[in-house]
Amino acid sequence: MEKFTVLNGLVAPLDRANVDTDAIIPKQFLKSIKRTGFGPNLFDAWRYLDTGEPGMDNAKRPLNPDFALNQPRYQGASILLARKNFGCGSSREHAPWALADYGFRALIAPSFADIFYNNCFKNGLLPIVLPEADVDRLFHDVAAFPGFRLVIDLPAQTVAYADGSRTLGFEVDAFRKYCLVNGLDEIGLTLRHADKIKAFEDKRRREQPWLFGA
Amino acid sequence: MAPQTLYDKLWAEHVVHVEDDGTALLYIDRHLVHEVTSPQAFEGLKLAGRKVWRTDSVVATADHNTPTTDWERGITDPTSRVQVEALDANIRAFGAKAYFPFRDRRQGIVHVIGPEQGATLPGMTVVCGDSHTSTHGAFACLAFGIGTSEVEHVLATQCLLQKKSRNMLVQVDGALGRGVTAKDVVLHIIGRIGTAGGTGYAIEFAGSAIRGLSMEGRMTVCNMAIEAGARAGMVAVDDTTIEYLKGRPFAPGGEAWDRAVAHWRTLKSDPHAKFDRVVAIDAREVKPQVTWGTSPEMVATVEDRVPDPEREKDPVRREAMERALVYMGLEPHTRITDIRLDKVFIGSCTNSRLEDLRAAAAVVKGKRVAPNIRLAMVVPGSGVVKAQAEQEGLDRVFRDAGFQWREPGCSMCLAMNADRLEPGERCASTSNRNFEGRQGAGGRTHLVSPAMAAAAAIAGHFVDVRDWR
Ligand code: SF4
Numbered sequence: 145m146e147k148f149t150v151l152n153g154l155v156a157p158l159d160r161a162n163v164d165t166d167a168i169i170p171k172q173f174l175k176s177i178k179r180t181g182f183g184p185n186l187f188d189a190w191r192y193l194d195t196g197e198p199g200m201d202n203a204k205r206p207l208n209p210d211f212a213l214n215q216p217r218y219q220g221a222s223i224l225l226a227r228k229n230f231g232c233g234s235s236r237e238h239a240p241w242a243l244a245d246y247g248f249r250a251l252i253a254p255s256f257a258d259i260f261y262n263n264c265f266k267n268g269l270l271p272i273v274l275p276e277a278d279v280d281r282l283f284h285d286v287a288a289f290p291g292f293r294l295v296i297d298l299p300a301q302t303v304a305y306a307d308g309s310r311t312l313g314f315e316v317d318a319f320r321k322y323c324l325v326n327g328l329d330e331i332g333l334t335l336r337h338a339d340k341i342k343a344f345e346d347k348r349r350r351e352q353p354w355l356f357g358a
Numbered sequence: 003m004a005p006q007t008l009y010d011k012l013w014a015e016h017v018v019h020v021e022d023d024g025t026a027l028l029y030i031d032r033h034l035v036h037e038v039t040s041p042q043a044f045e046g047l048k049l050a051g052r053k054v055w056r057t058d059s060v061v062a063t064a065d066h067n068t069p070t071t072d073w074e075r076g077i078t079d080p081t082s083r084v085q086v087e088a089l090d091a092n093i094r095a096f097g098a099k100a101y102f103p104f105r106d107r108r109q110g111i112v113h114v115i116g117p118e119q120g121a122t123l124p125g126m127t128v129v130c131g132d133s134h135t136s137t138h139g140a141f142a143c144l145a146f147g148i149g150t151s152e153v154e155h156v157l158a159t160q161c162l163l164q165k166k167s168r169n170m171l172v173q174v175d176g177a178l179g180r181g182v183t184a185k186d187v188v189l190h191i192i193g194r195i196g197t198a199g200g201t202g203y204a205i206e207f208a209g210s211a212i213r214g215l216s217m218e219g220r221m222t223v224c225n226m227a228i229e230a231g232a233r234a235g236m237v238a239v240d241d242t243t244i245e246y247l248k249g250r251p252f253a254p255g256g257e258a259w260d261r262a263v264a265h266w267r268t269l270k271s272d273p274h275a276k277f278d279r280v281v282a283i284d285a286r287e288v289k290p291q292v293t294w295g296t297s298p299e300m301v302a303t304v305e306d307r308v309p310d311p312e313r314e315k316d317p318v319r320r321e322a323m324e325r326a327l328v329y330m331g332l333e334p335h336t337r338i339t340d341i342r343l344d345k346v347f348i349g350s351c352t353n354s355r356l357e358d359l360r361a362a363a364a365v366v367k368g369k370r371v372a373p374n375i376r377l378a379m380v381v382p383g384s385g386v387v388k389a390q391a392e393q394e395g396l397d398r399v400f401r402d403a404g405f406q407w408r409e410p411g412c413s414m415c416l417a418m419n420a421d422r423l424e425p426g427e428r429c430a431s432t433s434n435r436n437f438e439g440r441q442g443a444g445g446r447t448h449l450v451s452p453a454m455a456a457a458a459a460i461a462g463h464f465v466d467v468r469d470w471r
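Chains as they are written, first to last, in the working numbering: chain A, 145 to 358; chain B, 3 to 471.
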């Protein structure tokens with residue numbers, strides 16, 4: 145997994161509440177058995193004017209000029225600013241895969257749906273929760289200042305305006321932060337406890353044998 | 003010891019290890035696997051040269067992509083077939099306790115077959131790469147959906163890294179009115195607390211109305227806990243739970259059964275256990291529900307009208323309402339019962355069990371689907387449900403009324419197979435999500451109970467099933 149320490153990135157706004165994972169990556173693209181290549185179909189139904197199907201040449205499809213990510217000023221954005229309950233709906237990890245594949249490395253919203261929030265960390269994507277009022281102000285500033293950038297410092301747990309005019313703190317679980325900062329594979333970390341898992345399992349097998357058995 | 007909630011007990015029973023920041027390594031008893039969220043996980047295992055930690059925890063089926071017609075022709079959509087074949091190959095290579103592949107007579111929606119086979123047992127942690135895993139909480143399991151990286155993590159380690167959620171109690175007391183079902187209860191709850199109302203919580207559903215539900219009804223309620231933002235929903239063990247499990251293929255028998263039951267009986271919240279949030283609902287106030295928007299919280303009763311965004315003070319909500327009404331092609335103040343439909347879908351892991359099909363059949367018996375309905379279909383949740391329904395003659399009732407009687411699977415719940423809405427088509431659906439495009443690009447979904455969907459198919463528009471004759 146790619147490490148995440150400090151990110152100085154362009155911010156793109158997505159001003160809708162309750163953006164669900166079906167909207168982030170529509171189901172017709174879930175038939176892939178790979179983890180990559182979802183970026184061109186991120187927000188497919190909003191981004192293009194036609195209906196997307198797997199196998200289409202996305203470069204030839206008509207873009208929806210009203211959709212924020214299609215505006216020239218947001219090209220190359222690596223930080224997505226969103227509204228509450230972002231990532232609700234299905235558990236598909238294709239949603240963070242698509243966001244990461246598109247080029248996002250961090251998301252900022254007043255709240256995220258649980259499973260989606262978890263999935264982000266496994267893919268080097270940092271979801272940051274900020275109070276509603278701060279998010280409101282960020283939406284305002286992104287609109288007001290073309291080229292608006294933020295500096296996200298994960299070790300310091302801060303989000304700062306690139307010109308240094310404002311700095312906001314954010315919370316993140318210590319363990320998740322540790323994994324993300326060091327780009328660690330969680331399976332490898334867990335397997336350090338293999339003996340403990342084995343012992344737990346043996347005890348469980350003795351006490352509740354009906355939970356086991358081929 | 004301080005009194006514990008059911009969730010506290012289930013959590014404590016599965017903690018293997020705790021990191022300094024409170025992140026726990028939780029042991030997983032049952033891992034349900036389907037074709038959409040597993041290929042990348044198996045691929046990851048292969049690449050890392052890892053094995054499945056405990057194959058007898060894995061129960062797998064193909065459900066999301068499988069067609070519901072012409073099974074003898076196989077899966078004609080090439081991308082769907084690749085995914086289903088990938089699952090076949092992965093199970094062959096890695097092993098499982100049970101696999102119900104495409105066309106097996108026990109195949110079906112993963113959340114229907116787990117309980118049906120007795121593969122879901124009280125006190126288990128149950129996970130699946132699917133958000134509606136919360137369904138299994140009806141059996142006093144700690145059951146929740148996970149992403150593909152977590153699927154791989156469970157396959158490799160039998161554990162998951164988790165932070166404990168807070169406790170919420172949704173207490174539903176009183177008797178449900180005639181024609182009011184578990185689906186209406188859960189939509190009512192979501193309307194009350196909102197789609198983010200349960201975020202960060204595990205919800206226990208309790209009270210006399212919940213205890214009065216069958217296991218099927220409890221599954222319907224827990225199924226939609228995720229639509230209220232909660233990862234897990236659960237119901238305590240009682241006689242209904244134990245009766246349901248008795249004699250199921252994977253349930254214990256003999257002396258093990260008695261020992262198991264003794265343990266299962268402890269799986270309930272202690273008196274005076276502390277909940278971080280309590281929501282009380284009077285069951286007598288619950289009416290048949292119909293969603294009008296593009297989020298399950300955008301719900302009204304069948305007596306209501308489509309709401310007016312003008313009256314909403316919160317600007318973010320107002321905008322969401324306006325956008326939803328445009329998408330849904332609805333005008334404010336329209337009576338819910340004046341909404342005319344194009345299609346009717348009875349199915350999904352929310353409402354495709356025998357009890358649901360019986361309720362729908364009772365409504366349509368001896369009647370005909372309205373001429374404006376282009377397609378009314380019933381998709382049983384599993385091959386077992388289908389066979390039982392046919393034994394009772396329910397398939398005849400539906401067919402005689404003009405419904406299509408299909409093979410089991412997820413079908414038009416998410417439209418990954420050929421079953422879908424065309425742009426602009428309006429559907430009464432017993433599924434769980436009315437998001438934009440969920441049932442097909444541009445399709446318009448109204449979530450309802452099976453009885454309400456059945457009545458709408460006959461009338462051609464929504465009707466109050468309490469008045470049904
Ligand atoms: S029926 Fe629908 S909600 Fe249930 S598992 Fe299938 S796709 Fe998901």
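Be aware that a few hints might be false.
Here are the simulated DSS-like pairs of lysine-lysine, each with C-alpha atoms no more than 27 Å apart in a straight line [unchecked claim]: (1) A:Lys321 to A:Lys340; (2) B:Lys270 to B:Lys11; (3) A:Lys347 to B:Lys315; (4) B:Lys369 to B:Lys11; (5) B:Lys53 to B:Lys99; (6) B:Lys11 to B:Lys48; (7) B:Lys48 to A:Lys340; (8) A:Lys340 to B:Lys248; (9) B:Lys11 to B:Lys165; (10) A:Lys178 to B:Lys270; (11) B:Lys248 to A:Lys347; (12) A:Lys342 to B:Lys165.
Label-pair distances were calculated between CB atoms; the ranges are [as the list claims (entries may be wrong)]: (13) B:Asp175 to A:Arg336: 30 to 36 Å; (14) B:Pro273 to A:Gly313: 55 to 61 Å; (15) B:Asp106 to A:Gln301: 49 to 55 Å; (16) B:Glu287 to A:Arg336: 27 to 33 Å.
Because the hints were derived from the structure by calculation, they are not lab data.
A quick note: this is a predicted structure, and the numbers were derived from the prediction, not measured.
Where is the CB? At the ideal position from N, CA and C, for every residue including glycine.
Handout entry: Given hint B:Lys165 paired with B:Lys11 - CA-CA distance at most 27 Å
Key = holds, 15 Å
Problem - Proposed proximity, B:Lys165 with A:Lys342 (alpha carbon, max 27 Å) - result: OK: A:Lys342 and B:Lys165 at ~21 Å, within 27 Å.
Handout entry: Pair hint outcome, B:Lys11 versus B:Lys48 [Cα-Cα no greater than 27 Å]
Key = Answer violated: B:Lys11 to B:Lys48 is near 35 Å, above 27 Å.
Handout entry: Restraint status (C-alpha distance of B:Lys48 to A:Lys340 at most 27 Å)
Key = Given pair B:Lys48, A:Lys340 holds - Cα atoms ~24 Å apart, limit 27 Å.
Exercise for the section: Return holds or violated for the Cβ distance of B:Pro273 and A:Gly313 against the range 55 to 61 Å. Expected result: Violated, since B:Pro273 and A:Gly313 (Cβ atoms, about 41 Å apart) do not stay within the stated range.
Handout entry: Proposed proximity, A:Lys347 with B:Lys248 (alpha carbon, max 27 Å)
Key = Holds - the C-alpha atoms of A:Lys347 and B:Lys248 are around 25 Å apart, at most 27 Å.
Handout entry: 27 Å Cα cutoff - pair A:Lys347, B:Lys315
Key = violated, 56 Å
Exercise for the section: Starting from the hint 30 to 36 Å, judge whether the C-beta atoms of B:Asp175 and A:Arg336 obey it. Expected result: violated, 48 Å
Exercise for the section: Go ahead and decide if the range 49 to 55 Å is satisfied by the Cβ distance of B:Asp106 to A:Gln301. Expected result: holds, 50 Å
Practice task
Decide if the proposed pair is consistent with the structure: A:Lys178 and B:Lys270, CA atoms, cutoff 27 Å inclusive.
Solution key: It is violated: about 42 Å lies between the C-alpha atoms, which goes past 27 Å.
Problem - Given pair status - B:Lys99, B:Lys53, alpha carbons within 27 Å - result: holds, 15 Å
Problem - Pair hint B:Lys270 and B:Lys11, alpha-carbon separation not exceeding 27 Å - result: Holds - the C-alpha atoms of B:Lys11 and B:Lys270 are around 8 Å apart, at most 27 Å.
Violation of the numbered hints given earlier is confined to hints 3, 4, 6, 8, 10, 13, 14, 16; the remaining hints are satisfied by the structure.
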